[in-house]
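**Q** For my numbering, count along the sequence shown from 1 and bump the result up by 89.
Please keep in mind that the hints were generated in silico from the structure rather than gathered at the bench.
Possibly wrong hints are sitting among the right ones.
To be verified - Straight-line Cα separation of at most 35 Å, DSBU-like style, residue types lysine-lysine; simulated pairs:
1) K314 / K155
2) K361 / K138
3) K398 / K350
4) K298 / K379
5) K147 / K382
6) K403 / K298
7) K350 / K314
8) K99 / K255
9) K350 / K379
10) K382 / K91
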Amino acid sequence: MKFPRIHTLKEIAAIIQTSYVGDDSFPVHGMNEIHVVEAGDIVFVDHPKYYDKALESKATIVLINKEVECPEGKALLISDDPFRDFNTLTDHFRPFISASASIAPSATIGERTVIQPNCFVGNNVTIGNDCIIHANVAIYDNAVIGNNVIIHSGTVLGADAFYYKKRPEGFDKLRSGGRVVLEDNVDLGSLCTIDKGVTGDTTIKEGTKIDNQVHVGHDTVIGRKCLIASQTGIAGCVIIEDEVTIWGQVGITSGITIGAKTVISAQSGVSKGLEGGKSYFGTPADDFRKKYKEIASIRQIPELIERIKNLENK
């Protein structure tokens, strides 16, 4: 998430009331999670296991809960609770704004686009030309929708990320300040849920078609011309490259990459990244032919046990 203007390190420290290491005027362009940070961004870290990863990332401002040596060309924000202060920044720069109408006055809607009754279109949403938004679709604030997009009834774009920190008193929610972006010629079935990014974008690229009742987690990027069938669940921060086919009831864990032109058969569970151009099946998902050979071998087990018993009896 980029800020409306470049802020100084001193200004950011004042918002979250922290001390800092670096020049007062050190430029701060925005804030992002570790996997999408760029120069000028703030990243937060609150566990020693990840200190080095954050300090060595592309981020040039690190919000951290320990005074450490500041890498050259970077700045530090020293906080007793970086998770809390990252939320404070999200609330400051991307606050929740209650709706004043079913279709926000600040929304931009393209030519020949049809929005059916009982839809909600939030603040600063952009919808392109020649789209059809069917009844009872909810499009949360700041979403971007391209041209010739079809969204069927009951679909929700922009719900919060499923991202919590466990504390003694319960779960603390990481605020979501990102967006949902649908490129041109995307179709979404009914009752789909596409969560917005924590600070970045959850993106579905040009020409991808998604069936009914599919869930896409925060900050996931789905490539061009993908086909995703019903009841698939995709966790956050997944990268699905172009022309991937995912059949029904597939579950995909967070933070992995699925290579281009992969085919994943129904009811598979994907627990690690998959090389592109291959077909996969099973839980954990593996090469299609290999998995079916395993199943064929398992079916022979009763017969093999019976043979062993007969040999023992002899």
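**Q** Please go over all the hints and tell whether each is borne out by the structure.
**A** Status of the hints after comparison with the structure:
{"no.": "1", "hint": "K314 / K155", "result": "violated (45 Å)"}
{"no.": "2", "hint": "K361 / K138", "result": "holds (21 Å)"}
{"no.": "3", "hint": "K398 / K350", "result": "violated (47 Å)"}
{"no.": "4", "hint": "K298 / K379", "result": "holds (29 Å)"}
{"no.": "5", "hint": "K147 / K382", "result": "violated (45 Å)"}
{"no.": "6", "hint": "K403 / K298", "result": "violated (61 Å)"}
{"no.": "7", "hint": "K350 / K314", "result": "holds (10 Å)"}
{"no.": "8", "hint": "K99 / K255", "result": "holds (30 Å)"}
{"no.": "9", "hint": "K350 / K379", "result": "holds (19 Å)"}
{"no.": "10", "hint": "K382 / K91", "result": "violated (50 Å)"}
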